Amino acid sequence: DAGITQSPRHKVTETGTPVTLRCHQTENHRYMYWYRQDPGHGLRLIHYSYGVKDTDKGEVSDGYSVSRSKTEDFLLTLESATSSQTSVYFCAISESGTGRGEAFFGQGTRLTVV
Amino acid sequence: DAKTTQPPSMDCAEGRAANLPCNHSTISGNEYVYWYRQIHSQGPQYIIHGLKNNETNEMASLIITEDRKSSTLILPHATLRDTAVYYCIVRVGTGANNLFFGTGTRLTVIP
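Just so you know, the protein sequences line up as chains A and B, in that order.
Just so we're aligned, residue 1 is where the first sequence starts under this note's numbering, counting upward by one.
Just so we're aligned, residue 1 is where the second sequence starts under this note's numbering, counting upward by one.
In case anyone wonders, no lab produced these hints; they're calculated from the structure.
The structure presented is a predicted model; accordingly, all values stated were derived computationally and were not measured.
Quick reminder that beta carbons are idealized off the backbone N, C-alpha and C, glycines included.
Treat each hint with caution, since some may be false.
Claimed, not checked - A few chain A residues that don't get close to chain B, going by computed Cβ distances all over 10 Å:
#1 12
#2 16
#3 20
#4 22
#5 25
#6 45
#7 52
#8 63
#9 65
#10 68
#11 78
#12 83
#13 84
#14 107
As the list claims (entries may be wrong) - Derived pair list, reagent style SDA-like, types lysine to any residue, alpha-carbon separation capped at 25 Å:
#15 A/11 to B/51
#16 A/57 to B/69
#17 B/3 to A/11
#18 B/3 to A/61
#19 A/57 to B/45
#20 B/3 to A/38
#21 B/69 to A/113
Said to hold, decoys possible - Now the stretches of chain B that chain A is said to cover, found in silico as 3 or more residues with beta-carbon under 8 Å:
#22 40–50
#23 100–110
One chain only, chain A, in its complex shape (with noise of 0.2 Å):
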């Protein structure tokens, strides 16, 4: 298996706080993306990066945000977090950007925002 770890696997936090996800990888690889999966939407993405301080907007994007400091740290945070993103969260590295490379999922984050 690839080595991505999500962090943490768990978490409830109130509305309007904070919280910052993060995504660790051991492959080097250059491309990471984080998704949201919510039931009746499938997998949707929220922002990625292709490379350390290189990040692009994904389809999803508004009310989150990312930083990519390092080649193995890919971090999701929500500012102020709201009900509506309740979610789980997937963390997703690929060594190529390019149509021949898979991606490689983590195993999810699940949030609740109260």
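Starting from the structure of chain A, add chain B where the hints point.
Frame of chain A, contents of chain B only:
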């Protein structure tokens, strides 16, 4: 990225071949066809991918039609552990990109 269409659910008897179809009629020449699956609430797992030719690996076979407008993922001998949601995705061949997941096909393998 091209949109894909998959049936929402399918059943397959244990030990039989599972054939999962996917339509991608607007696929471009540089777009690859990828298949992933998600077992229960785990992270998605890569299965196989292809551009034009049929592909086979230890998990499955991928059959792409000559016009590339559709494909079929084949699990040759389905087991109960193959029960999962299967996603068909097409992605461009170059540049920083990402995977657009639809809602996939929920495959249930029946004993």
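Within 25 Å, alpha carbon to alpha carbon, are residue 57 of chain A and residue 45 of chain B? Roughly 23 Å between the alpha carbons, so the hint for residue 57 of chain A and residue 45 of chain B holds.
Verify the proposed pairing of residue 3 of chain B with residue 11 of chain A, using a straight-line Cα cut of 25 Å. violated, 34 Å
Over 10 Å to the closest beta carbon of chain B is the bar; see if residue 78 of chain A clears it. holds, 20 Å
Just want to verify: residue 63 of chain A was marked as not at the interface with chain B; is every Cβ pair farther apart than 10 Å? holds, 19 Å
Do the alpha carbons of residue 3 of chain B and residue 61 of chain A lie within 25 Å of each other, as the hint requires? This hinted pair holds, its Cα atoms lying about 21 Å apart.
Exclusion check [residue 20 of chain A not at the chain B interface, CB over 10 Å]: holds, 19 Å
Beyond 10 Å from each Cβ of chain B, as asserted for residue 25 of chain A: At about 13 Å from chain B, residue 25 of chain A clears the 10 Å cut-off, so the statement holds.
Is it true that the CA of residue 3 of chain B sits at most 25 Å from the CA of residue 38 of chain A? holds, 20 Å
Between residue 11 of chain A and residue 51 of chain B, is the straight-line Cα distance small enough, at 25 Å or below? Measuring from Cα to Cα gives roughly 40 Å; hence the hint is violated.
Holds or violated: is the Cβ of residue 84 of chain A farther than 10 Å from all Cβ atoms of chain B? holds, 19 Å
10 Å cut-off, C-beta based - residue 52 of chain A kept clear of every residue in chain B: holds, 14 Å
Confirm or reject the coverage of the stretch 100–110 of chain B by chain A under the rule of 3 or more residues with a beta carbon closer than 8 Å to the chain's beta carbons. This one holds; 5 residues, not fewer than the three required, reach chain A with a Cβ under 8 Å.
When the structure is compared with the earlier hints, violations turn up for hints 6, 14, 15, 16, 17, 21 and for no others.
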